Amino acid sequence: MSNRSSEPGRWEHGPLPANVRIGANSVVTNDNAFRRFFSERDPALVIGANCTMDGSQFALGKEARIEIGDYCYFTNAVLLCELELRIGDYVVIGWNATIADTDFHPIAPAERIADAVACSPLGKGRERPPIVREPVIIEDDVWIGPNAAIMKGVRIGAGAFIEAGSMVTRDVPPRARVMGNPFQIIGEV
Amino acid sequence: MDAARRLPWDWYPGTIPENAVIDETAYVETSFSFFLYHSEEPVGARIGRGASTYLGTMFDVGPRGRVSLGDYALVHGARIICDAEVEIGDHALISWNVVLMDTYRASPDPAERRRELELVPMRWPRRFDANAPARPVRIGRNVWIGFDACVLPGVTIGEGAIVGARSVVIEDVAPYTIVAGNPARVIRKLQM
Chain L
1 MSNRSSEPGR WEHGPLPANV RIGANSVVTN DNAFRRFFSE RDPALVIGAN
51 CTMDGSQFAL GKEARIEIGD YCYFTNAVLL CELELRIGDY VVIGWNATIA
101 DTDFHPIAPA ERIADAVACS PLGKGRERPP IVREPVIIED DVWIGPNAAI
151 MKGVRIGAGA FIEAGSMVTR DVPPRARVMG NPFQIIGEV
Chain Y
1 MDAARRLPWD WYPGTIPENA VIDETAYVET SFSFFLYHSE EPVGARIGRG
51 ASTYLGTMFD VGPRGRVSLG DYALVHGARI ICDAEVEIGD HALISWNVVL
101 MDTYRASPDP AERRRELELV PMRWPRRFDA NAPARPVRIG RNVWIGFDAC
151 VLPGVTIGEG AIVGARSVVI EDVAPYTIVA GNPARVIRKL QM
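Line order of the protein sequences matches chains L and Y.
Quick note on our numbering: the first sequence kicks off at 1 and runs consecutively.
Quick note on our numbering: the second sequence kicks off at 1 and runs consecutively.
The set of hints was computed from the structure by calculation and includes no laboratory data.
Note that the structure is a prediction, hence the values are computed from the model and not measured.
One should not assume that every hint holds.
[Claimed, not checked] If you want the footprint, here are the derived chain Y segments under chain L, 3+ residues with CB under 8 Å:
| no. | stretch |
| --- | --- |
| 1 | 36 to 49 |
| 2 | 87 to 94 |
| 3 | 120 to 126 |
| 4 | 131 to 142 |
[As the list claims (entries may be wrong)] Taking CB as the label site, the calculated pair distances span:
| no. | chain 1 | residue 1 | chain 2 | residue 2 | range |
| --- | --- | --- | --- | --- | --- |
| 5 | L | G187 | Y | W9 | 22 to 32 Å |
| 6 | L | R126 | Y | F147 | 27 to 37 Å |
| 7 | L | P130 | Y | V186 | 38 to 48 Å |
| 8 | Y | L55 | L | C119 | 38 to 48 Å |
| 9 | Y | I187 | L | P43 | 44 to 54 Å |
| 10 | L | P173 | Y | W124 | 54 to 64 Å |
| 11 | L | I107 | Y | L55 | 28 to 38 Å |
| 12 | L | K62 | Y | E112 | 21 to 31 Å |
[What the hints assert, rightly or not] Short derived list, chain L residues pointing at chain Y, Cβ under 10 Å:
| no. | residue |
| --- | --- |
| 13 | I22 |
| 14 | S26 |
| 15 | Y71 |
| 16 | C72 |
| 17 | Y73 |
| 18 | P146 |
| 19 | N147 |
| 20 | M151 |
| 21 | T169 |
| 22 | P173 |
| 23 | A176 |
| 24 | G180 |
| 25 | I186 |
Ideal Cβ placement from N, Cα and C applies to all residues, glycine included.
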């Protein structure tokens, strides 16, 4: 991770990937924003208007697609996507929060060995075992605190407030205030 | 630090802000730690004798913010989000990816937050305005905070306490107490 990541307007690794669409008055600042951008979908990443994607990383696998609404503000968010991530309007994501729509590796020990081999420098061409992917949906007006983690298959209802450091593994109702690991609902906004 | 307020060993071509008072025996690894700093207070940051800040430490300090590091305090890559006051005591040890925040920056009310988010893209640098309520965070002397922990607005951590890695501290911690967990709870008292 480059520590120059939050400098405004820096994107030094060539043109934006062709399958990225960025709306009017939106900015992406981070040398490494697209370093792990491997999606072959088109479009693969759609960012709405008036967004501030400060220091965030867009790590997309081959079949991944991320959609982000208008007026979002992310600070060094880590978006790890193998399938689908949908983020609404007016969503704030705090520093170093992670959103992942997959566990990246299988659960069963034998399959994990096969996966480790397939991922290794000696695994060229070997197919990886199937890996669970479930879309993550974050509705409008959600606030996600720094160091929080949102895991696969989760839907966060509109206006919910995810406290810093929370580990979110299940759906969160609209306007709920949650915190903890495992998270609990501690109130309403 | 030289007359131009540059650090001779710095990889980043920045300078130390005029209102940051850094003891001559302190070590600041890089001026990049001040990239987000825009305190307008007479002294927006004070770094004590023998204190040190390493790569990854960010002073994300608003116009009315004041951050202080006591003597021999060691900050090894914390994110300090400050619009009022964040005080770190003498001999405190703060690990990497720790978040110390005295403000949420944005309003807790979604409708109000919408209005703020509509103003942010009109500004450069793109920031929330610093009028959100802030409550000082105080980390006592001799406190040790493990990696990835978060300390939320208004929290005071008493002298000599230990905060376990990945904890989220939402309420005050008594002196010489070990807390851990998310939310953090008391594990035990330290023997003196």
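Here's how the hints hold up against the structure:
1. 36 to 49: violated (count 1)
2. 87 to 94: Violated - the stretch 87 to 94 of chain Y has 0 residues with a Cβ nearer than 8 Å to chain L, which falls short of three.
3. 120 to 126: holds (count 5)
4. 131 to 142: violated (count 0)
5. G187(L) to W9(Y): 22 to 32 Å: The hint (22 to 32 Å, Cβ to Cβ) is violated, given that G187(L) and W9(Y) are roughly 48 Å apart.
6. R126(L) to F147(Y): 27 to 37 Å: holds (35 Å)
7. P130(L) to V186(Y): 38 to 48 Å: Distance hint for P130(L), V186(Y) holds at roughly 44 Å.
8. L55(Y) to C119(L): 38 to 48 Å: violated (29 Å)
9. I187(Y) to P43(L): 44 to 54 Å: holds (49 Å)
10. P173(L) to W124(Y): 54 to 64 Å: The hinted range 54 to 64 Å is violated for P173(L) and W124(Y), with Cβ atoms some 37 Å apart.
11. I107(L) to L55(Y): 28 to 38 Å: Holds, at about 36 Å.
12. K62(L) to E112(Y): 21 to 31 Å: violated (40 Å)
13. I22: Violated, because the Cβ-Cβ distance from I22(L) to chain Y comes to roughly 13 Å (cut-off 10 Å).
14. S26: Holds - the Cβ of S26(L) comes within 10 Å of chain Y, reaching about 8 Å at its closest.
15. Y71: holds (4 Å)
16. C72: holds (8 Å)
17. Y73: Constraint on Y73(L) satisfied, holds at 6 Å.
18. P146: Holds - the Cβ of P146(L) comes within 10 Å of chain Y, reaching about 5 Å at its closest.
19. N147: Result: holds, 5 Å to nearest chain Y Cβ.
20. M151: This interface hint is violated because 15 Å lies over the 10 Å limit.
21. T169: Interface hint status for T169(L): violated (13 Å vs cutoff 10 Å).
22. P173: With a minimum Cβ separation of about 14 Å from chain Y (threshold 10 Å), the hint on P173(L) is violated.
23. A176: Because about 12 Å separates A176(L) from the closest Cβ in chain Y, which is outside the 10 Å limit, the hint is violated.
24. G180: holds (5 Å)
25. I186: With Cβ-Cβ at 9 Å, under 10 Å, it holds.
When the structure is compared with the earlier hints, violations turn up for hints 1, 2, 4, 5, 8, 10, 12, 13, 20, 21, 22 and 23 and for no others.
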